[in-house]
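Protein sequences, first through last, are from chains A and B. The first sequence maps to residues 109 to 365 in this note's numbering. The second sequence maps to residues 292 to 511 in this note's numbering.
If you're looking for bench data, these hints aren't it; they were derived computationally from the structure. One or more hints might be untrue.
Reference excerpt, derived from the structure (chain B facing chain A, CB under 10 Å, subset only) [unchecked claim]: (1) P363; (2) A364; (3) D367; (4) E500; (5) G501.
The C-beta atom is built at its ideal place from N, Cα and C for all residues, glycine as well.
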Amino acid sequence: MSSHNTTPTVLASENLDLYYGETQALKKISLTMPERKVTALIGPSGCGKSTYLRCFNRMNDTIEGVRLEGKVLVEGHDVNAREVDLERLRTRVGMVFQKSNPFPMTIADNITYGPRMAGVKNKARLEEITEKALRQADLWNEVKDRLSESALGLSGGQQQRVCIARTLANEPHIILLDEPASALDPISTAKIEETLAHLKERYTIVIVTHNLQQAARVADVTAFFMLGEVIEFGDTTTMFTNPANSMTEEYITGRFG
Amino acid sequence: MQRLFEEELEQIKETILTMAGLVERALSDAGKALVERDSALAQQIIDGDDTIDQLEVEIDRLAAEFIVRHQPAASDLRFVIVAIKLGPELERIADHATNIAERVLYLNDKPIVKPLIDLPRMLNLSRAMVSDAISAYVQRDSAKAREIIRRDDEVDALYVQLLRELITFMIDDPQTISRAIALIFVARYAERIGDQATNIAEEVVYLEEGTPIRHQPLED
Numbered sequence: 109m110s111s112h113n114t115t116p117t118v119l120a121s122e123n124l125d126l127y128y129g130e131t132q133a134l135k136k137i138s139l140t141m142p143e144r145k146v147t148a149l150i151g152p153s154g155c156g157k158s159t160y161l162r163c164f165n166r167m168n169d170t171i172e173g174v175r176l177e178g179k180v181l182v183e184g185h186d187v188n189a190r191e192v193d194l195e196r197l198r199t200r201v202g203m204v205f206q207k208s209n210p211f212p213m214t215i216a217d218n219i220t221y222g223p224r225m226a227g228v229k230n231k232a233r234l235e236e237i238t239e240k241a242l243r244q245a246d247l248w249n250e251v252k253d254r255l256s257e258s259a260l261g262l263s264g265g266q267q268q269r270v271c272i273a274r275t276l277a278n279e280p281h282i283i284l285l286d287e288p289a290s291a292l293d294p295i296s297t298a299k300i301e302e303t304l305a306h307l308k309e310r311y312t313i314v315i316v317t318h319n320l321q322q323a324a325r326v327a328d329v330t331a332f333f334m335l336g337e338v339i340e341f342g343d344t345t346t347m348f349t350n351p352a353n354s355m356t357e358e359y360i361t362g363r364f365g
Numbered sequence: 292m293q294r295l296f297e298e299e300l301e302q303i304k305e306t307i308l309t310m311a312g313l314v315e316r317a318l319s320d321a322g323k324a325l326v327e328r329d330s331a332l333a334q335q336i337i338d339g340d341d342t343i344d345q346l347e348v349e350i351d352r353l354a355a356e357f358i359v360r361h362q363p364a365a366s367d368l369r370f371v372i373v374a375i376k377l378g379p380e381l382e383r384i385a386d387h388a389t390n391i392a393e394r395v396l397y398l399n400d401k402p403i404v405k406p407l408i409d410l411p412r413m414l415n416l417s418r419a420m421v422s423d424a425i426s427a428y429v430q431r432d433s434a435k436a437r438e439i440i441r442r443d444d445e446v447d448a449l450y451v452q453l454l455r456e457l458i459t460f461m462i463d464d465p466q467t468i469s470r471a472i473a474l475i476f477v478a479r480y481a482e483r484i485g486d487q488a489t490n491i492a493e494e495v496v497y498l499e500e501g502t503p504i505r506h507q508p509l510e511d
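Use the sequences and the hints to build the structure in full.
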């Protein structure tokens with residue numbers, strides 16, 4: 109159970125540089141995310157926090173002209189190694205985006221989409237997966253009687269939790285969230301945050317947020333990015349009460365950014 | 292928004308300074324009332340305590356409002372935490388000044404036990420610690436604050452010495468017991484004021500350096 113054991117680091121990068129064409133978006137990022145904790149990535153727009161997040165399930169592959177140097181490690185393996193199976197990687201490293209993107213199908217079909225693609229056909233097994241994922245996303249009680257209705261009929265907050273449940277149905281080890289609550293009202297936001305607090309018992313979570321209070325509420329550790337560099341990384345409470353770096357101080361007290 | 296933020300921080304600070312000014316005044320008046328046997332001045336200190344109490348409530352109100360509106364972080368957060376803690380320290384110091392004034396009223400219509408030398412000195416030392424702690428707060432000077440903390444030993448030493456001396460008086464002449472006890476109380480209040488100045492100084496160190504130093508031995 110100890111976080112300081114001999115298993116390989118769940119999520120880390122070593123001397124990571126990333127370029128969009130000529131522009132360097134990430135500069136020598138070396139971080140180790142703690143296992144089964146929430147790590148928040150904060151910083152002003154364009155600081156590289158989302159770019160960094162997308163390295164862990166290779167979402168940057170879809171962007172033309174992206175070049176990487178250094179290492180991105182998931183469960184001890186370099187995700188950019190030639191032998192890596194991209195589908196397998198993205199199963200292990202689930203992702204939730206800013207805009208909820210449920211598929212235009214029933215709630216149940218949304219949740220079981222991944223497992224069905226992976227070949228699960230047994231109806232009872234699929235129902236079991238659906239219930240488990242929806243429970244973990246704190247959505248089960250709200251939708252259990254309308255599983256065969258379209259997911260698009262749900263509220264924005266519920267749709268986002270469908271997306272979280274859909275990610276969980278693939279049994280990932282790591283969950284990446286890119287501004288998951290920035291388009292939601294405060295009550296839906298609070299529900300997502302509460303869900304994260306439960307999920308971290310089982311998953312390693314990394315969240316990009318431009319809401320500093322959200323980082324302070326949900327994250328165990330926080331990394332402050334600026335101009336593609338990590339300025340400060342450490343315990344969230346310490347960072348929000350007594351940051352080590354004056355740039356962090358200025359950013360979190362709202363004096364710039 | 293940013294200007295309002297700064298203005299509200301400034302308002303909290305101003306209120307603390309107003310309160311500190313009244314507290315320092317009450318302390319110097321208490322010393323004067325004791326030495327000069329001035330009952331009218333002692334009464335004035337007692338009457339002024341309500342104003343100081345109200346300022347403590349006002350600091351809490353301003354701080355709560357600031358937290359609700361701005362959710363401060365880092366040094367702003369520490370500033371508000373410290374403001375909430377300084378209020379009660381200052382209020383308690385004012386209470387001690389009032390308690391001294393009450394003893395002065397009791398002593399003034401009775402013959403003196405002995406010429407007062409160490410007791411006014413002790414009161415002066417602890418009052419200076421309070422003044423300096425407040426200016427360390429204003430100047431955000433944690434080195435100065437640490438120096439104030441060291442001065443508390445001097446106040447404590449004087450207290451022990453005074454106690455010993457007044458016990459001798461009481462043994463020598465039991466007629467002096469009730470008056471000597473009143474003086475021991477005054478000395479005790481002065482000693483506590485030194486402790487409270489120390490608490491304020493510790494909060495200044497926390498405000499500036501970000502790490503609490505309460506309940507830790509001072510490194511030399």
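Consistency of the hints with the structure:
no., hint, verdict
1, P363, "7 Å, holds"
2, A364, "4 Å, holds"
3, D367, "5 Å, holds"
4, E500, "8 Å, holds"
5, G501, "3 Å, holds"
Taken one by one, the earlier hints all hold for this structure without exception.
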